[in-house]
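Residue numbers (my numbering), protein chains in the order written: chain V, 1 to 293; chain L, 1 to 249.
For the record, the hints were derived by calculation from the structure and aren't laboratory data. Here the structure is a predicted model, which is why all the values come from computation and not from measurement. Any given hint could be a false lead.
[Stated by the list, open to error] Computed cross-link-like contacts, BS3-like style, restricted to lysine-lysine with a CA-CA straight-line distance of at most 27 Å:
1) Lys-102(L) with Lys-161(V)
2) Lys-129(L) with Lys-113(L)
3) Lys-175(L) with Lys-135(L)
4) Lys-85(V) with Lys-161(V)
5) Lys-161(V) with Lys-135(L)
6) Lys-129(L) with Lys-102(L)
7) Lys-175(L) with Lys-129(L)
8) Lys-75(L) with Lys-113(L)
9) Lys-135(L) with Lys-102(L)
10) Lys-175(L) with Lys-203(L)
11) Lys-113(L) with Lys-135(L)
12) Lys-161(V) with Lys-129(L)
13) Lys-113(L) with Lys-161(V)
14) Lys-113(L) with Lys-102(L)
15) Lys-93(V) with Lys-75(L)
16) Lys-75(L) with Lys-85(V)
17) Lys-75(L) with Lys-135(L)
18) Lys-102(L) with Lys-75(L)
19) Lys-212(L) with Lys-175(L)
20) Lys-161(V) with Lys-75(L)
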Amino acid sequence: MNVLLQVLINGILFGSMYGVAAIGLSLIFGTMRIIFLAQGTIMVLFAYLTYFLFTLAGVDPYLSILIGIPIAFGCGLGVFYVLFKEAAALEDKNVSLLLAVGLMYMVDNLMLNIWGATPRYAATSYSSFTLRIGEINISFQRLMALVIALAAASIVYWFLKNTRLGTAVRAASEDMVSTTLLGISSNWVMAIAFGLGLALAGTAGVVMASVYSFDPNYGFPFALKALVALTLGGIGNVWGALAAGVLLGVVENLATYYIGAGWADAISYAAFILVLIFLPYGLFGRRGVVKKV
Amino acid sequence: MENNLLEVRDLSVSYGDVQALWDVSLEVREAQIVALVGSNGAGKSTLLKTISGLLHPRHGQIIFAGEDLGGLSPKHRVDRGVVQVPEGRRLFQNLTVLENLKLGAYLPRARAKYAESLERVFTLFPILKERANNKAGLLSGGEQQMLAIARAVMAQPRLVMIDEASLGLSPIFTKIIFDLIVALNQQGTTVLLVEQNVHMALKICHYAYVLKTGHVVMSGPGEQLAADEELRKAYVGERAVRAVRGKVE
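Please model the complete structure; the sequences and the hints are all you need to start from.
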């Protein structure tokens, strides 16, 4: 019983990172109607930033969130205006999708050539610190991952609900022509969504650096995990994406523990396909949210 | 001619190889209601989209308040007061009525007059005040059309272009919407009205243009066109269909 509880808690804490990356995918998909497949690559890139800030400059990984988020947001704006602006105006979304794939492989291979395939891990003085509640051990860093995920989701939710720009992002996700006719620049809204999407990937990456050992090959698998969480959570649903990420983490951890690590991915993707067959709008999705795609 | 708010000169627009508008010229005088009538596919929506800057003309000019709009983005056209209520209303269904109205006043010029505009809108459309916190998607068809017009009013328009205001509405709601358009115009807003309901449009407009397969084929004061035998003949079929559709709802 305690083992099960332990596995569940680890899954929840770890899965929250998938959730954060998935919220980012959701924002980008909402406005631009593409799956940003380089999302996992951006996570790895910011995991490296955190790792080097820590090993070379002694910056605490949690402090690098404050450095990483603005950089990731700026990267998002830049990448949008340089790479995606023209493609986003096209009816055919495959061009944008291919751009994302190209960006992913380019950055993956750059990282591989510059930093090599050696797994990295930002081992801090408190890395092995665990909280003990009864018989359950909770890793401090995984707990922090959940706290940061909840904070990130809350901030994004607040922004979308309570600010004029956030409302415009939600509106543009529903009907970009309509927002354009109100004088809201479609490029600006997409750039903001892109900036936020990458800031969330950056946040997940910073957290990853101190929880998990990573190398440049983790990009694509992480993008897929985030995509699974996005689809399960229902597109356009901040809390749904986070909850689905957590659920995915739990399924993976249960499969790893009870069946074997090699089976974890096969089982989570099978669960993903089953949900899509029976609940095409996601576990928490409402009908109609994706109907205009 | 100085009091022309909008002048369209020799406008031609194509979708790829298919030309939708052929040398269309028209004028909209300040503080008037001008109707643009014609059957499906005549090019009415294409004209409005081009005036809004969503489509780019092959040649021709759009002059608004003495300024050539060519080369201006949709945003800058809205900022100058050219605001469209698109066909099918295109509300943000999952946003509340109030959020829809807020987005109407998105640009700084309109935002500065937000409170004033909101009061004006709630006076014109009291039902929207009651429904302020409801999701737009939960409103009835007529209420949604009111919200679509109200959202445009929030943008502080000098010219409101309404595409198919009566589409899908019952005759009672059609009447209410047309009355509201007249009220809006009496407050000084110029209106360019695109309608398939020719009868109602000609009744409330000062001047009308008839568009057929991308050409302006007729124009004149509303009551004059309403009396025109040829025009009536061209639309008898369509009006009969509309009447039936109205009863079904």
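_Hint consistency between Lys-161(V) and Lys-135(L) [alpha-carbon to alpha-carbon, up to 27 Å]_ = holds, 13 Å
*Taking only the CA atoms, is the gap from Lys-75(L) to Lys-135(L) under or equal to 27 Å?*
Given that 27 Å is the threshold and the Cα spacing comes to 26 Å, the pair holds.
*Quick one, are Lys-161(V) and Lys-75(L) close enough, alpha carbons at most 27 Å?*
Cα-Cα ~23 Å, so holds.
_27 Å Cα cutoff - pair Lys-135(L), Lys-102(L)_ = Between Lys-135(L) and Lys-102(L) the Cα gap is close to 14 Å, so the pair holds against 27 Å.
*Quick one, are Lys-113(L) and Lys-102(L) close enough, alpha carbons at most 27 Å?*
Cα-Cα ~11 Å, so holds.
*Below or equal to 27 Å on CA atoms is what counts here, so check Lys-75(L) against Lys-113(L).*
Measuring from Cα to Cα gives roughly 18 Å; hence the hint holds.
_Pair hint Lys-102(L) and Lys-161(V), alpha-carbon separation not exceeding 27 Å_ = holds, 13 Å
_Check the hint pairing Lys-175(L) with Lys-129(L) against an upper bound of 27 Å on the C-alpha distance._
It holds: about 21 Å lies between the C-alpha atoms, which stays within 27 Å.
*Quickly compare the C-alpha distance for Lys-129(L) and Lys-102(L) to 27 Å and report which way the hint goes.*
holds, 13 Å
*Compare the distance between the alpha carbons of Lys-93(V) and Lys-75(L) with 27 Å, and conclude whether the hinted pair is satisfied.*
With Cα atoms ~24 Å apart, Lys-93(V) and Lys-75(L) stay inside 27 Å; holds.
*Verify the proposed pairing of Lys-212(L) with Lys-175(L), using a straight-line Cα cut of 27 Å.*
holds, 26 Å
*For the pair supplied as a hint, Lys-85(V) and Lys-161(V), confirm whether the alpha-carbon distance does not exceed 27 Å.*
The given pair, whose Cα atoms are some 26 Å apart, holds under the 27 Å limit.
When the structure is compared with the earlier hints, no violation turns up for any of them.
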